[in-house]
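With chain A held as given, fit chain Y onto it using these hints.
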Amino acid sequence: MSQSSSPAAPPVPETAAPPPAAGTPYASPARPPLRRLARAVLPLVVLVVAAVLPWSTVDIPGVFDGPLNSPGTLQLLALCLVFGGLAAGYDLLFGRAGLLSFGHALYLAVGAYGVDILVTHAHWPLWAAVPAAALGGAALAALLGSVALRTTGIAFAMVTLAFAQVGSILTQRDPGGLTGGEEGLPMDGSRLPGFLVGVANTVNLYWLALAFLAVVAFVVHRVDRGPYGRVLAGLRDDERRVAVLGLSPYRFKLVTFTLSGGLAALGGVVYALVVGGASPALAASDLTLSLLVMAVLGGPGTRWGPVIGGILYTYLDQRLTSLGGTSAIRHLPGVLRAPLSQPLFVLGAVFILAVYFAPGGLAGLGRRGAALTRALGRRPVPDRATGTTDATGR
Amino acid sequence: MGTVVLLALTGLGLGALYFLIASGLSLVFGLADVLNFAHGLFLSVGAYATWWAGGRLSGPWGFPVAVLFGVACGAAVGGLVELVLIRPLYRRPTEQVLVTVGLSLAGVALLQAGWGADPRRYPSPQWTQKVTRVLGADVPNDRLLLIGVAVVVLAGLLAFLRFTRYGLVIRAGVENRAMVSALGIDVRRAFTLVFAIGGALAGLAGALGGVYFGSVSPGQGASLLIFAFIVVVIGGMGSVTGSAYAAVAVGLLQQFVNYYGTAGAGDICVVALLAVVLLVRPAGIAGRAAT
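Chains A and Y are the protein sequences, given in the same order. Residue 142 in full-length UniProt numbering sits at position 142 of the first sequence, with consecutive numbering throughout. Residue 216 in full-length UniProt numbering sits at position 216 of the second sequence, with consecutive numbering throughout.
Hints may be right or wrong, so weigh each one.
[What the hints assert, rightly or not] Just the calculated beta-carbon pair ranges, DEER-fashion:
hint, chain 1, residue 1, chain 2, residue 2, range
1, A, G369, Y, S181, 55 to 65 Å
2, Y, L135, A, L247, 53 to 63 Å
3, A, I60, Y, S215, 22 to 32 Å
4, A, P71, Y, R92, 30 to 40 Å
[Said to hold, decoys possible] Far from chain Y, by Cβ distances over 10 Å, these chain A residues were calculated:
hint, residue
5, R36
6, L37
7, L47
8, G72
9, A128
10, V159
11, A162
12, F163
13, L178
14, N204
15, D224
16, D286
17, V296
18, L347
19, V355
Worth flagging that the hints you see were computed from the coordinates, not collected in a lab. Glycine included, C-beta positions come from ideal geometry on N, C-alpha and C.
Next up, chain A with everything else stripped away, as it sits in the complex (with noise of 0.2 Å):
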């Protein structure tokens, strides 16, 4: 697989920009070196800025409630971390693979009644619940998927939409006391380590949910960089002729299925830390069909795309709650105020509006725009080169 990327490499060596290489091999040869060099280190700069942010004092009204180092706004950013990453891992199968599962919440769920009930209730220490949780996530999806993989497209959505069903029904009707029912269970607080509990400490989990998305962040880059994730181009676009390559489908479709599972599952053990305990809500059909929408809105299938509407989405959602309650919206009339109010409602109406007006999301309107503008004349053409293998190369 990486003979066919080869000749379309030759003038810039893969060398040139150290760790991670920017963009795609193909769209290599036009790229200007400053602006590969600009691809590969923006992100390190975004990750550093994110890190060192808790220790600003900034205060932006109308974007957070307090500060930005108040407790408040930390668990917010946590939160909207969290979803950045569950999106993109999420967009593995959906935008990668081309796999649409309607059942990824079942493995968030366990990943978060995991740590939750081996911490509570078998009073395991953290870093032993915690491994054994996400790869417990990560072997339910491995055995759920060898199921559901055998039916494709809509059977296989179904499929997955009705095993994770069982696990909301479970959570719901509480077996044996362990989930708590439809309250929720609780994270025991006495039982974790110091630097993770209390309201001071909601910094810890910043970084923790911060650290998450990276982790996410960098499986997914080493997922497209490598043969495999062009497996899983193919498998997307093409089902037969990975096949007739000599190499299985299934088999590919079942390690995306596990691998995106099992980040799923840590993504449950880091909510259930940040949010404090577990709720049946995490294994709803909902919550899946969230994860959709973020990675559709976002752009599916792009680097960035998925992880930031997982961020808008979930930011949007928690603060259209409360916008909801302004004088902006109070004033209107009851026919527009009361669906304003309704976040779901508006998200809904803006994500069916983006498949129609936008269909590759976020990352998509940044491509148009820059299409638009070098349309307009203001650069040369062997650019214009970059930005067509730019569009369809991933």
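Below, chain Y alone, put in the same frame as chain A:
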């Protein structure tokens, strides 16, 4: 004996509800290849419309008229959704699913904005709350009502598919859409029709489901929809009779296991049944055929 009869009739009543939802879903899927997540919304619309009209009408004919109103609303919403939202996206199945997902999120939120998230008491007529003695068991009348309506709907749908021109087009379209188009028939009109039928049946299910559950709430459709999906997959997508068999099997299995096992075990058994059917017969009981 009495318990078994009561459980069987309750299970059949539940199965009748599943059938009303699944038959429309199955036709929509079989003909237009649309996995319709908004079907639960059609159901909720029908339920709320019936609830709204039922609260304003009285007299012996008040409730039937309210149900008719609910069915009409479901049909109108179904047809409109197809015309406005789904039609521009044919041949792009993923986008269609996404649009129906967005619609189900936004629509349920809209109902919630209008009438609140809490369940509303349903204006069921008096006689549905009484019981009838069947083979030594006191069976609530609402179960019998559901079963009766489902049997009439099944017969009506089969007659429609078998003896009318549009039924012929739908059956042919489920089997081979390209061929029907090649013969010069506008399949897309049949799409709208199927969506409207599906919406009407979902509206009926919502109206009668309100009687069965005693209340309406915005999320009711979504929770029934998942089992309707399971019924559609087990029955074979596009098949009305397959849906009927599968609905009966799922309803009975769920009811009996939930009663004799622990609560919730029946729901899990249904999913296990789905897994077994998929492993043994991936195309469902009936395969792909419209009747």
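**Non-interface claim for A/R36 versus chain Y (Cβ beyond 10 Å)** = Holds, since 32 Å exceeds 10 Å.
**Prompt:** Does the no-contact call for A/N204 survive, Cβ to all of chain Y over 10 Å?
**Reply:** holds, 34 Å
**Consistency of the no-contact label for A/D286, given chain Y and a CB cut of 10 Å** = violated, 8 Å
**Prompt:** Could one say that the CB atoms of Y/L135 and A/L247 fall in the range 53 to 63 Å?
**Reply:** Once the Cβ atoms are compared, 60 Å apart, the range 53 to 63 Å for A/L247 and Y/L135 holds.
**Item:** chain Y versus A/L47 - minimum CB to CB distance exceeding 10 Å, so not interface
**Value:** For A/L47, whose nearest Cβ neighbour in chain Y is about 31 Å away, the distance exceeds 10 Å, so it holds.
**Asked** Was A/V159 rightly flagged as not at the interface, with every chain Y Cβ beyond 10 Å?
**Response** violated, 6 Å
**Request:** Classify the label on A/F163 as holds or violated, using whether its beta-carbon is more than 10 Å from each beta-carbon of chain Y.
**Result:** violated, 7 Å
**Message:** Quick check for students: does the CB of A/V296 sit more than 10 Å from each CB in chain Y?
**Reply:** violated, 6 Å
**Asked** Once the closest CB in chain Y is found, is it more than 10 Å from A/G72?
**Response** holds, 25 Å
**Asked** Does 22 to 32 Å hold as the CB distance between A/I60 and Y/S215, or does it fail?
**Response** About 44 Å separates the Cβ atoms of A/I60 and Y/S215, which means 22 to 32 Å is violated.
**Message:** Taking 30 to 40 Å as the stated bounds, is the beta-carbon spacing between A/P71 and Y/R92 within them?
**Reply:** violated, 45 Å
**Request:** Compute the least Cβ-Cβ separation between A/V355 and chain Y, then decide whether it is above 10 Å.
**Result:** It is violated; A/V355 is separated from chain Y by about 5 Å at its closest Cβ, not greater than 10 Å.
The structure does not agree with the numbered hints 1, 3, 4, 10, 11, 12, 16, 17, 18, 19 stated previously, though it agrees with the rest.
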